[in-house]
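**Student:** All chains should be modelled from the sequences, with the hints used to inform the complete structure.
Here is what each chain is made of, one letter per residue.
Protein chains: 2
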Amino acid sequence: MTNIEQKVQPATTHFLKNKEKYYQWLSELVAIPSVSFEGFSQEPVYQCALKVADLMKEVGLNHVQILEGENSLRPYIYGERIEDPQKPTVLFYAHYDVQPPGDEALWLSPPFQLQDRNQRLYGRGAADDKGGVLLDLATVDCWVQGSGKLPVNVKVLMEGEEEIGSPGLETFLEKHVELLSSDMIIIPDVENYDQETPGITVSLRGIVPFEVEVQGYKQSLHSGLWSGPLPDPAMSLCQMIASLVDDKGNIALPEILSMVDTQKKSVPPFDAQKFREEAGLLDGVQFRVPENHIKESLWFEPSLTVNAFQASSRQQAGNIICDRAWAKLSIRTVPFMEPQKVFDLVKAHLEKVCPFGLHLSVTSEGFGDWWQTSTDHKAFQAMQDSMKRAWGKDPVLMGCGASIPFVQSFTEALGGVPALLIGVEDAETKAHSENESLSKQGWEKAVVSCIYFLEEVSESFSSKSSSRGDFSS
Amino acid sequence: MTNIEQKVQPATTHFLKNKEKYYQWLSELVAIPSVSFEGFSQEPVYQCALKVADLMKEVGLNHVQILEGENSLRPYIYGERIEDPQKPTVLFYAHYDVQPPGDEALWLSPPFQLQDRNQRLYGRGAADDKGGVLLDLATVDCWVQGSGKLPVNVKVLMEGEEEIGSPGLETFLEKHVELLSSDMIIIPDVENYDQETPGITVSLRGIVPFEVEVQGYKQSLHSGLWSGPLPDPAMSLCQMIASLVDDKGNIALPEILSMVDTQKKSVPPFDAQKFREEAGLLDGVQFRVPENHIKESLWFEPSLTVNAFQASSRQQAGNIICDRAWAKLSIRTVPFMEPQKVFDLVKAHLEKVCPFGLHLSVTSEGFGDWWQTSTDHKAFQAMQDSMKRAWGKDPVLMGCGASIPFVQSFTEALGGVPALLIGVEDAETKAHSENESLSKQGWEKAVVSCIYFLEEVSESFSSKSSSRGDFSS
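So the protein sequences, as listed, match chains U and Y.
Here the first sequence is numbered in this note's numbering, starting from 1 and rising by one per residue.
Here the second sequence is numbered in this note's numbering, starting from 1 and rising by one per residue.
Heads up, a few of these hints could be off.
Claimed, not checked - Mimicking SDA-like on lysine to any residue, the simulated pairs with C-alpha atoms at most 25 Å apart in a straight line are: (1) K347/Y <-> S243/U; (2) K218/U <-> S433/Y; (3) K218/Y <-> S460/U; (4) K218/Y <-> F275/U; (5) K274/U <-> S109/Y; (6) K265/U <-> L225/Y; (7) K218/U <-> K352/Y; (8) K218/Y <-> D103/U; (9) K388/U <-> F270/U; (10) K352/Y <-> L282/U; (11) K218/U <-> C354/Y; (12) K218/U <-> R314/Y; (13) K393/U <-> S460/U; (14) K218/Y <-> K265/U; (15) K218/U <-> S109/Y; (16) K248/U <-> P100/Y; (17) K218/Y <-> D247/U; (18) K248/Y <-> S243/U; (19) K218/Y <-> E277/U; (20) K430/U <-> W391/U; (21) K248/Y <-> Q215/U; (22) K248/U <-> D247/Y; (23) K248/Y <-> K218/Y.
What the hints assert, rightly or not - If we take Cβ atoms under 10 Å as the criterion, some of the chain U residues that face chain Y in the derived model are: (24) L204; (25) P209; (26) Q215; (27) P229; (28) L230; (29) M235; (30) V245; (31) L282; (32) D283; (33) G284; (34) H293; (35) F356.
Hints listed in this document are in silico derivations from the structure and should not be mistaken for laboratory results.
No residue lacks a Cβ here, since even glycine has one placed at the ideal position from N, Cα and C.
**Tutor:** In structure tokens, the structure reads:
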């Protein structure tokens with residue numbers, strides 16, 4: 001047994017003895033339908049916050065407090081355990097709000113009732129991100145109960161509005177920057193590479209969503225009595241949208257593409273057939289890119305999607321010229337695309353191609369930043385070593401095609417500290433869909449990784465100076 | 001007073017004395033909500049049929065009978081008055097079913113309660129086509145009550161399923177061709193040229209409606225986790241639809257255009273500004289064609305319209321790649337476009353351009369024939385003369401951009417007899433919309449026109465031979 005294994009043993013032993021207690025906590029958290037979406041009661045969100053606060057106290061965190069965010073029913077919960085001001089401080093984040101259950105008829109067991117089937121725990125939020133909440137809490141509990149104290153200082157922040165885009169996070173961070181001050185952030189809200197391989201996510205795409213509407217008439221018109229001399233807003237919108245891409249679906253605006261970082265990134269080997277099955281591609285449907293380029297495309301290249309298009313509707317389709325047509329699109333962005341500039345270019349293009357003087361509106365309710373991190377900081381090595389110990393396998397340094405807009409704000413607000421995006425999810429998790437589930441094995445390995453990680457950090461950063469810079473390698 | 005005016009005087013005098021009685025009948029018909037659409041009770045449709053049958057008897061028609069169509073609750077009503085087998089026979093058609101009321105909140109008075117405001121009668125079906133039903137009945141009544149008999153033989157057929165596309169008409173006509181045998185048909189179901197100018201519609205566009213769906217996935221996908229390597233069915237559908245037209249919105253398939261009759265047709269002078277106002281064009285929205293070409297385009301040229309497009313929906317728009325996208329389109333056809341060939345060409349084109357092996361479905365539930373008539377038959381001169389007497393103005397020989405698919409079947413079933421499409425509607429009628437109305441002045445002039453018309457026919461066709469051909473000039 002190495003020195004580090006001896007040091008973590010009390011904590012890991014405590015974990016092995018108490019797993020069922022943690023699953024019981026998860027079950028209690030899942031039972032509270034803390035859906036943060038408008039149109040759902042926000043009372044359960046607040047009840048869930050209270051429950052999280054109780055658990056924070058139970059695992060030995062101090063100064064546990066409920067801090068108001070944008071909406072007092074979706075508060076932030078903060079707790080800390082400062083063992084020694086000279087030691088480094090790790091900030092654990094997670095969110096306790098969840099997505100709506102979706103189509104309840106598609107769930108094999110009730111969404112808000114945690115059910116164990118084949119070593120997976122099914123329920124809304126079981127993984128995203130109540131599994132993350134429990135990961136943070138179990139890590140602290142195992143150290144405090146097993147060893148009597150943590151090897152580093154720990155701060156924990158849980159939020160209740162992540163699923164609606166964390167609208168209050170930036171303001172909250174500004175207000176509480178001193179309280180949250182730390183040397184690194186752990187964000188357990190992404191996937192592992194696969195069920196057997198851990199991952200650390202080192203880049204996220206951003207998002208520039210926008211809505212387009214063209215209108216020609218005060219009301220829809222009978223297509224027999226009017227079509228021919230009059231423009232057709234629905235057709236015009238099809239043409240305008242089609243002009244944004246080439247015939248392969250690649251963004252066709254050179255000024256947007258000129259911003260993209262074209263440096264080659266490393267991508268691990270990859271099973272295209274499995275990807276096809278997970279995506280649910282119908283027979284014969286082809287990829288847009290060569291199979292060996294799929295992950296590059298997904299992680300590191302921009303893409304444009306028509307998320308929704310509506311002109312009249314399938315239910316009410318009649319022989320009309322639609323007075324207006326509307327679509328929602330989004331561009332997933334990568335380094336170093338400037339979201340405002342991307343939007344301005346798209347808008348200028350649509351204005352240029354909008355025909356017949358149709359009234360055009362192009363709007364966006366805000367952008368999500370892309371994010372990428374250097375892995376030079378010692379914390380990344382510490383996490384890689386810890387994961388290898390827990391999983392028996394080196395983690396993959398992954399990209400992620402999705403956006404977590406707050407990561408950029410979070411690290412910036414705390415002065416550019418490293419963020420470690422890790423996960424309790426895997427490809428089978430189906431976060432946001434029906435039958436969301438947590439792999440027990442994956443979650444347990446994630447906890448053991450974090451137990452090791454705190455010890456690794458303690459040893460890597462053995463003497464803390466007053467300058468944050470010293471924690472970088 | 002000319003000879004013909006002397007002959008019609010008893011009938012026109014009867015009309016002037018009995019207008020209020022006819023409006024009372026119209027009021028009683030409008031009070032029956034005879035909406036033939038699925039999802040509405042069909043009991044009122046049948047009640048309306050009984051009421052029409054009663055009125056047919058009251059005006060002096062014989063052999064009034066209720067004949068089953070496709071659906072026994074939407075029957076055909078037939079009546080006749082054969083004055084002299086040697087005289088020509090005029091078949092009057094109309095339909096007693098109506099459109100749904102639409103948004104009842106937009107009606108200024110209850111839709112099924114006829115209300116007189118500023119010399120217009122408001123109510124669902126007041127014009128389309130209970131105003132037509134009354135036109136037929138009043139014409140017969142005035143002759144029979146005023147002169148004791150009609151100057152020609154008259155047959156009257158009223159149907160109750162026109163607003164749902166007359167699904168049973170063709171079968172019905174086949175079955176009852178002998179009963180309906182006549183020398184010409186009067187179909188009062190179109191507009192006059194404007195409120196002061198009568199019109200005879202001599203061409204109708206046809207319609208080739210079709211639905212297109214492309215599907216790529218078993219379910220919609222998170223656009224962050226999947227977009228880039230995967231095709232986007234909603235974008236592909238935009239591109240496919242855009243490829244059907246050029247940048248001016250003209251159909252871009254040369255094989256379709258090669259079928260179109262390019263002979264120049266005559267079009268009356270025309271007020272483009274008024275057309276703009278009636279269409280409700282927003283400020284600055286331009287026509288697709290030069291202003292002096294608007295009526296040609298509308299009446300005599302094909303057009304393609306995207307009637308509806310749906311991928312996800314405005315209400316539920318999320319950051320997804322839609323598993324599928326759907327659209328309904330239609331092509332308005334003109335002589336000599338073959339509908340099946342038009343559909344086959346469109347389908348073949350969409351199959352050719354559908355990218356990435358997306359699953360494509362292109363379907364149509366049937367076509368509506370275009371129709372055009374020569375005006376050489378004496379009946380047209382008779383109607384023009386009659387209208388000039390009633391309105392003090394020559395009628396316009398009009399085209400109509402809309403489709404009335406049964407006109408072609410109707411005339412064919414009766415051996416190619418001429419069809420006279422006239423109207424009680426005008427631009428203010430808003431048939432199918434809320435606040436449908438009938439111009440009292442327009443309706444009264446239409447009745448007087450028809451009273452004259454029967455006498456004109458009687459005189460133009462003074463001796464009937466056994467051959468139908470003799471009635472053509």
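**Student:** Would you pick out the hints that fail for this structure and give their numbers low to high?
**Tutor:** 3, 5, 7, 11, 14, 16, 23
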